[in-house]
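In order, the protein sequences belong to chains A and B. Mapping to numbering that gives the first Met the number 0: the first sequence position 132 is 131, numbers consecutive. Mapping to numbering that gives the first Met the number 0: the second sequence position 180 is 179, numbers consecutive.
One should not assume that every hint holds.
Said to hold, decoys possible - Quick look at which bits of chain A chain B covers, simulated, 3 or more residues with Cβ under 8 Å:
hint, segment
1, 24-30
2, 82-94
3, 208-219
4, 251-264
5, 388-400
Stated by the list, open to error - Partial chain A-side listing against chain B, Cβ under 8 Å, derived:
hint, residue
6, SER119
7, ILE182
8, SER184
9, LEU244
10, ARG247
None of these hints come from the bench; they were simulated from the model. Glycine included, every Cβ here is placed at the ideal spot set by N, Cα and C.
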Amino acid sequence: MSSETKQILTTDGIPLEVSLKKAERKNKIKAFLLVAPLLLFLIITYVFPIGDMLFRSVDDKMVTQMLPKTFKAMENWDGQELPDEKVFAAFHEDFIKLVEDKREGKLSTQLNYTKNGFKSIIKKLRRKSKSFEEGNYKEQIMSVHKRWADVEYWRAIQRRAPEFTGQKYLKGMDMYVNEEGKIVSVEEDRRIHRVLWLRTLEIAFFVTVFCFLMAYPIAHLLATLPMKYSNLLMICVLLPFWTSLLVRTASWMILLQQQGIVNDFFVGIGLVADDNRPEMMYNKTGSYVAMTQILLPFMVLPLYSVMKTISPSLMRAGKSLGGTPFVAFWKVYFPLTIPGIGAGCLLVFILAIGYYITPALVGGASGTLISNQIAFHMKSTLDWSFASAMGLMLLSGVLVIYWLYNKLVGIDNIKLG
Amino acid sequence: MALPKYTEPHYRIWHYIYLTICGAVFFFLIAPLFVIFPLSFNAEEFLSFSDGMKRLDPDAFSLRWYKDMIYGTKNPWGLAAKNSFIIAIFATIGSVILGTVAALGLSSRHMPYKGLIMAVLISPMIVPLIISGVAIFFFMAKAGLAATHTGIVLAHIILGTPFVVITVTATLSGFDHSVTRAAASLGSDPINTFMKITLPLILPGVISGGLFAFVTSFDEVVVVLFLAGLENTTIPIQMWTGLREQLSPTILAVATCLIILSTLILVTAELLRRRSERLRGINR
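Working from the sequences, and respecting the hints, build out all of it.
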């Protein structure tokens, strides 16, 4: 628009452009005000607490607050040789205070995480420190145990000075910071978390594959059958979908137990001997079977809604142009269903990777996933910062898939039932 | 799906193989649910079919586990059922109100940052429950709401709203906004317009979102495991404890009741979906 053009005015003399912008802004605010209650509610009760988990997972103030004077005195220590008397005196002062509050046990547990061997020497120091004389604490502490005269142990204490640490994340990957400050892996036979991560990925992957292989034919059948039959069959998909997860898991526990129906059937057809019934529950098999059945509707529904939109005349056209039914299917039908495949697979994978209840009940020791480990640390060991760290590692993986899902399918295209 | 007469034999065979595979998958989906039914009427304390049951001997069947579920002195199912219903009803009301209002804003074409906000609103459905459980537990513990009904209801509102948002925005996507403008031009204020025009039209979507929210709350166990004290026990918590410790036939009686409940909900949801499609003029 050139400046020569006369501005269009509304009846009250305001330029139309301004007036429209004003109306637009008013509508924007109106729309936003409608969303605001839920958004605020979720931000306060959900998004911030997840941020709080991030804070907890790197929080390492406990030791910092237990030994404030020691760390202050250590600021000038280069870590090459044993620290000087000032550090020892400060440590003694902090330590006496901890003993008074009966918290030296906590300190020993914490320091033992950093370096093995602190437990016994702290116990010893507590006993001996009662008879300490004033002055020359370096000599007195060093005479309690030879490890107190070892510079390695003082370096281990110094490593706990920062208020924040990433060590819980390293622990989640079975790694730690060694004496030289390098990141290394723990011994081969103690790498429990890596095994769990890999198993989680493996189970989620295969459950997704099994779901896809089973869902594709029945989604196709549902989409091509006449309405009156497909509605009836749809109930077979929707009833499990609406049924309690625990009910479905319970039914698998009944079916898969050693004296259960599946085993009875195998014995009946002579596949296995009666005295040699296979263990199908409390291991990976249990997790696979139950999770596949439970997540199957989540694969069928997106596939079905995509297949429903594909016109049957496309397949007929493919065949009439000389393709065999297989060629027509592979070249025409299958490519059209790819959006549904993407949606279903991502959804099932996301759900499977965070599964907790079913693996805990039918998975036994070899079929549990990373979620079970998080719950274990939340409820049993009470190492909440470690649980938070592992939770966030899992979450970041899920968010990547969520982002992909959003790119490929669009979250507003999620369909339910 | 009858095959045309000219179908060649090997395609015919392939077609029957395909139908058999489909049948097997449907069986795999639905059969496990039906195992629970007969076993819950078992007269004995075993979780497999007794010889009497296989012979259909009437003495092998009984209602003892249902009686145990209702009158059993040690069984907290009564308290659990009461809690479950109270929590689910309040969580549903909260989710429906918050979710519907938000969906109205989200479907406005003036809504800024629609994608980002939608992603936040849907996130409780996508984030693994265990992580939601940990985060919500931290919040409720700080707010002093752990082990209270209020805390659990709030947690279930968080988990239930995404379903309401999704179903209501889906209903609104086919909504003809000129009817609300018509109402406004006839002198109706926005609240009156919403109550008399918009709500009746989107009601099927609202109710089916509410059903999702209800089932989510009624079935939810992971978050409740973190939040519930002894007083707040729910049906899923009781089932979880029962399944972990000892599978008793009483659990199967409860499970049968739950399957009946979910059948009722499924039928309602299906009828609503069809009504909604009719109202929006979608013909399939």
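Do the hints match the structure? See the list:
1. For the segment 24-30 of chain A, the assignment as covered by chain B holds, since 4 residues bring a beta-carbon within under 8 Å of that chain's beta-carbons and 3 suffice.
2. Counting residues of the segment 82-94 of chain A whose beta-carbon sits less than 8 Å from any beta-carbon of chain B gives 0, not enough to reach three: the coverage restraint is violated.
3. Look at the segment 208-219 of chain A against chain B: 4 of its residues bring a Cβ nearer than 8 Å to a Cβ of that chain, three or more, so the hint holds.
4. Interface restraint, the segment 251-264 of chain A with chain B: holds (9 residues with C-beta to C-beta distance below 8 Å; minimum three).
5. Check result for the segment 388-400 of chain A against chain B: holds, 5 residues qualifying (beta carbon to beta carbon below 8 Å, three or more required).
6. Hint status for SER119(A): violated, given a least beta-carbon distance of 34 Å to chain B, over 8 Å.
7. Taking 8 Å as the C-beta contact cut-off toward chain B, the hint placing ILE182(A) at the interface is violated, the least distance being around 25 Å.
8. For SER184(A), the shortest C-beta to C-beta distance to chain B is roughly 26 Å, which exceeds 8 Å, and the interface hint is violated.
9. At about 6 Å, the closest approach between the beta carbon of LEU244(A) and any beta carbon in chain B falls short of 8 Å, and the interface hint on this residue holds.
10. About 7 Å separates the beta-carbon of ARG247(A) from the nearest beta-carbon of chain B, less than 8 Å, and the hint is met.
Consistency with the previously given hints fails for numbers 2, 6, 7 and 8, ordered from lowest to highest.
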